[in-house]
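Make the full structure from the sequences, and use the hints.
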Amino acid sequence: MSVKIVTDSGADIPQELVDELEIEVVPLVVSFGDETYEDGVDLSPDQFYARLIDGQIMPTTSQPSIGAFIKTYKELQAPSVQILSIHLSSKLSGTLNSASQAALQENLGESIKLIDSGQASMGLGFSVIAAARAAKNGASLEEA
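Residue numbers (this note's numbering): 2 to 145.
Any given hint might turn out to be false.
[Claimed, not checked] Restricting the straight-line Cα-Cα distance to at most 25 Å, the calculated cross-link-like pairs of lysine to aspartate or glutamate (DMTMM-like) are: (1) Lys92 / Glu17; (2) Lys114 / Glu76; (3) Lys72 / Glu36; (4) Lys72 / Glu111; (5) Lys92 / Asp55; (6) Lys92 / Asp20; (7) Lys75 / Asp43; (8) Lys92 / Glu21; (9) Lys114 / Glu36.
I should point out that these hints are in silico values taken from the structure, not numbers from a laboratory.
Source: prediction; values computed, not measured.
Okay, structure coming up:
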């Protein structure tokens, strides 16, 4: 059985590692006033920081939708696949709640394990990278 790793863009993992380790990243939503972007999709880190430095409006973020997680989980679902979904601290974001609701709606049961990392940014990212490396080397869901 293979293990697929899912996280959110709050993990701040460099794209090269995301690609190499086959990590699925569900984007947070970033807003500058009335302008809304998917983090890492419509708005690159360089664009974000440029707007942060040069802009008049401070950004806000919001959790990914339940639908965004459902889409990701459906793309990964297969009889021989288990999903390890590791997310931003639930004390900082509702991201884990969106992921949990998606897993319930899709009836993923024991084929998914959701983890509240208790972290943000690269604190979360390092955990995800370690899990992805373990999964790529054949680790079980529990081992990853």
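| Structure versus earlier hints, numbers of those that do not hold, lowest first | The structure breaks hints 1, 5, 6, 8, 9; every other hint is satisfied.
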